[in-house]
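> Protein sequences, first through last, are from chains A and B. Heads up: the first sequence runs through residues 329 to 748, numbered per my numbering. Heads up: the second sequence runs through residues 329 to 748, numbered per my numbering.
Simulated from the structure, these hints should not be mistaken for lab results. Built from N, CA and C at the ideal position, the CB exists for glycine as well. Be careful, since some hints might not be right.
[To be verified] Each computed DMTMM-like pair below joins lysine to aspartate or glutamate, with the alpha-carbon atoms no more than 20 Å apart: (1) B:747 with B:416; (2) A:734 with B:416; (3) A:412 with A:422; (4) A:732 with B:536; (5) A:617 with B:587; (6) A:747 with A:534; (7) B:734 with A:534; (8) A:732 with B:507; (9) B:611 with A:534; (10) B:734 with A:536; (11) B:617 with A:587; (12) B:558 with B:613; (13) B:690 with B:581.
[Unchecked claim] Covered stretches of chain A (chain B as the covering partner; in silico rule of three or more C-beta atoms under 8 Å from a C-beta of chain B): (14) 470 to 480; (15) 651 to 657.
Number of protein chains: 2
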Amino acid sequence: MEKKNAFYAQSGGVTAVINATACGLIETARAHSDKIGTVYAGRNGIIGALREELIDTSLESDENIAALRHTPSGAFGSCRYKLKNFTENRREYERLIEVFKAHNIGYFFYNGGGDSQDTAYKVSQLSEKMGYPITCIGVPKTVDNDLPFTDNCPGFGSVAKYVAVSIREAGLDIASMCESSTKVFVLEVMGRHAGWIAAAGGLASEAEGQPPHIILFPEIHFDRKQFIAKVDATVKKYGYCVIVASEGAQYEDGRFLADAGAKDAFGHTQLGGVAPMLANMVKQELGYKYHWAVADYLQRAARHIASKTDVEQAYAAGKAAVEFALAGKNAVMPIIVRESNKPYSWTIGEAPLSQVANQEKKMPIHFITDEGFGITEECREYLSPLIQGEDYPPYSNGLPQYVKLKNTLAEKKLKEDFKI
Amino acid sequence: MEKKNAFYAQSGGVTAVINATACGLIETARAHSDKIGTVYAGRNGIIGALREELIDTSLESDENIAALRHTPSGAFGSCRYKLKNFTENRREYERLIEVFKAHNIGYFFYNGGGDSQDTAYKVSQLSEKMGYPITCIGVPKTVDNDLPFTDNCPGFGSVAKYVAVSIREAGLDIASMCESSTKVFVLEVMGRHAGWIAAAGGLASEAEGQPPHIILFPEIHFDRKQFIAKVDATVKKYGYCVIVASEGAQYEDGRFLADAGAKDAFGHTQLGGVAPMLANMVKQELGYKYHWAVADYLQRAARHIASKTDVEQAYAAGKAAVEFALAGKNAVMPIIVRESNKPYSWTIGEAPLSQVANQEKKMPIHFITDEGFGITEECREYLSPLIQGEDYPPYSNGLPQYVKLKNTLAEKKLKEDFKI
């Protein structure tokens with residue numbers, strides 16, 4: 329059998345550990361160079377495949393590939409691009425086949441979240457629908473932690489750790505200032521559709537009264553009156569109140585709190601910011617001095633405080649993807665299987681792409697307290713192992729040393745360009 | 329000579345390392361227990377002295393005092409409270425003397441920024457103006473880095489490191505997303521009056537084209553047209569643009585950018601947020617997809633990524649304060665003296681409180697590039713040593729273990745309460 333090359337791409341929002349997955353995948357492919365040829369990485373995800381912009385990872389040193397393990401974000405570029413289905417845009421699939429044929433690609437590894445696994449699944453159908461034999465493995469990644477089947481998603485544990493650490497630290501700050509200054513602090517975190525990241529803030533509290541005192545989940549409809557009453561009661565009891573708000577926090581009618589309808593000086597609608605919106609609400613209703621923070625990309629890029637567990641699982645997912653392909657598996661995704669909780673142990677399992685695509689795993693409602701502002705013990709037991717361990721990157725001159733790859737493109741073999 | 333007790337208080341906005349100063353001070357006082365009795369800490373700063381709420385630090389174990397070195401924020405509570413002058417509010421000074429007498433306090437250590445050193449200076453005049461003998465030492469602390477005489481301020485180096493690390497990490501994120509998604513990212517940082525913290529973001533860039541591409545300083549008047557042109561040129565050249573904006577960024581007429589006059593759905597003026605304001609401006613003028621973050625308290629509480637240099641200097645400042653007092657010095661503040669740059673070395677010097685109080689050290693204009701959007705090589709050489717080294721706190725269960733002191737109050741000896 330002729331040795332085939334591989335295509336790997338990063339897709340969707342990047343994370344602190346998606347490059348650790350790339351590292352696991354490429355190192356494992358290199359260890360099986362008798363069976364897998366060159367690993368080409370898509371420049372900017374699947375767009376790179378369509379444009380025939382293939383990064384030749386064989387030109388990167390072993391040392392630089394190893395350094396991917398501690399480098400955040402997508403080293404080859406990522407994208408937000410979803411393939412249409414076969415009937416809508418058959419040309420895209422034909423193009424993929426042309427590019428794969430031209431570069432002798434027999435393995436397709438797609439590293440992303442729900443939307444990306446949909447793309448991976450469509451590509452896996454190329455064999456059947458268009459007669460091009462390809463082994464297709466989805467590789468999980470998402471800070472949103474919303475992929476089905478897998479116990480948790482690589483990328484989530486590190487955001488969870490960042491948010492928990494940040495709340496612990498900021499909470500101490502407010503506690504020390506509240507007598508004569510700031511009494512209410514709001515941290516806005518990611519999670520448009522599910523409260524997993526907000527829930528992780530709850531890990532910061534290990535005893536009654538410790539921050540955060542309020543968590544706002546997308547799963548629980550926001551009730552202004554209840555919220556204000558809870559803030560006030562908290563300030564009166566503890567002297568201050570720390571709030572973690574999911575960007576997806578919403579009213580009963582589905583409107584996001586962030587769509588508050590504020591206009592700037594030019595009459596334009598001002599976008600976003602659940603945190604400033606809530607802070608102003610508190611100021612208006614209760615008059616307390618407030619501060620607010622929006623972590624945004626800082627939370628998902630924060631490799632400096634990554635979870636060791638997360639890094640290990642991200643690496644393992646990349647490694648397993650290659651091992652699955654070599655074992656002749658197709659249209660599957662490696663998943664994290666929780667074997668036990670105390671002590672925490674996990675293994676790699678698999679799930680069929682046909683069932684992974686376009687499904688969102690919501691947070692179980694019993695992970696949220698009856699009152700709706702906190703996490704239950706069960707939630708804590710689920711989340712806690714995912715933030716265990718530190719895995720510091722190397723530093724030089726006081727700054728983390730992240731690798732920048734050469735990212736040399738393979739020579740194009742097709743005459744035609746492809747517009748996307 | 330009768331052995332005197334000491335009073336120590338934390339004042340103003342707290343930092344990641346002000347407790348390291350407390351640690352240095354209390355450990356050094358304990359090492360000289362033949363000369364200094366109990367160290368009382370003010371509960372919530374000077375307010376604690378006025379209210380006779382004195383925390384008896386002798387009841388804390390050596391282990392817990394040592395753990396202050398790695399614990400952020402103010403372990404005894406801080407405050408925003410400035411003593412009036414003698415003629416305006418003589419009663420406050422009389423009260424201080426009553427409390428100090430009642431608890432045999434002969435040493436006063438006040439740990440804070442410019443306003444706090446003003447308070448320290450006023451207290452140092454108690455001997456002369458009100459006949460109460462007290463040794464008064466100011467101890468420097470401020471993330472704003474704006475105290476005079478000292479080369480830099482304990483607390484600043486750790487914020488600087490946090491901002492530089494965050495920009496490096498978020499910059500990689502945008503770089504990997506910019507082809508099909510976010511092209512402009514704005515991080516808002518502290519520094520109402522001086523651009524020191526914003527400047528520190530510039531350390532993230534170690535080669536042409538690396539983020540941040542634009543820094544907005546309070547020292548440089550904001551020009552909308554020039555800013556938009558620079559953003560556009562940067563996106564066209566590098567594919568994306570990363571901006572660090574000081575919360576103090578302002579127009580030529582002194583209006584803060586944050587006072588954008590936005591109204592929320594209720595017609596209330598929406599406070600703050602230079603970052604969302606700039607992001608919207610970019611969206612309106614150029615149409616680029618953006619993200620923004622506001623670090624707020626996260627930056628000054630981030631002990632998990634503190635600068636080792638900063639921790640050492642903070643500890644040394646506390647230690648020196650006690651040594652100064654024992655050497656019979658009065659009305660002085662220990663300062664950091666830069667002895668050499670390469671290799672970086674520093675010693676502890678001293679400055680008279682009479683000249684420290686109410687002075688702000690601005691950023692030298694030659695630290696900012698001619699164009700006004702970046703830092704010069706000279707600035708980099710000044711800043712770089714201050715973020716050197718990591719000093720990780722201990723972790724348990726994936727979270728940093730910060731100490732919570734018992735904070736037991738000494739029994740009150742005065743009959744009268746004092747309202748502030």
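> If a hint holds in the structure, say so; if it does not, say that too.
Against the structure, the hints come out as follows:
1. Simply put, residue 747 of chain B and residue 416 of chain B have alpha-carbon atoms about 16 Å apart, close enough for the 20 Å limit, and the pair holds.
2. Straight-line distance between C-alpha atoms of residue 734 of chain A and residue 416 of chain B comes to about 67 Å, which puts the hinted pair past the 20 Å bound.
3. Pair hint residue 412 of chain A plus residue 422 of chain A holds up; C-alpha atoms about 13 Å apart against a cutoff of 20 Å.
4. Between the alpha carbons of residue 732 of chain A and residue 536 of chain B the distance comes to roughly 14 Å, so the proposed pair stays at or under 20 Å and holds.
5. Pair hint residue 617 of chain A plus residue 587 of chain B holds up; C-alpha atoms about 17 Å apart against a cutoff of 20 Å.
6. Among the hinted pairs, residue 747 of chain A with residue 534 of chain A is inconsistent with the structure: their alpha-carbon atoms are about 54 Å apart, more than 20 Å.
7. Simply put, residue 734 of chain B and residue 534 of chain A have alpha-carbon atoms about 17 Å apart, close enough for the 20 Å limit, and the pair holds.
8. Distance check on the hinted pair: residue 732 of chain A and residue 507 of chain B sit about 17 Å apart at the alpha-carbon level, within 20 Å; holds.
9. Between residue 611 of chain B and residue 534 of chain A the CA atoms are separated by roughly 42 Å; this puts the pair beyond 20 Å, and the hint is violated.
10. Taking the CA atoms of residue 734 of chain B and residue 536 of chain A, the gap is about 16 Å. The hint holds against a cut of 20 Å.
11. With a CA separation close to 17 Å, the supplied pair residue 617 of chain B and residue 587 of chain A stays within the 20 Å bound.
12. In summary, the hint linking residue 558 of chain B to residue 613 of chain B is supported, as the alpha carbons are separated by about 12 Å, within the 20 Å threshold.
13. With a C-alpha separation of about 19 Å, the suggested pair residue 690 of chain B and residue 581 of chain B falls inside the 20 Å cut-off, and the hint holds.
14. For the stretch 470 to 480 of chain A, the assignment as covered by chain B is violated, since 0 residues bring a beta-carbon within under 8 Å of that chain's beta-carbons and 3 are needed.
15. Interface restraint, the stretch 651 to 657 of chain A with chain B: violated (0 residues with C-beta to C-beta distance below 8 Å; minimum three).
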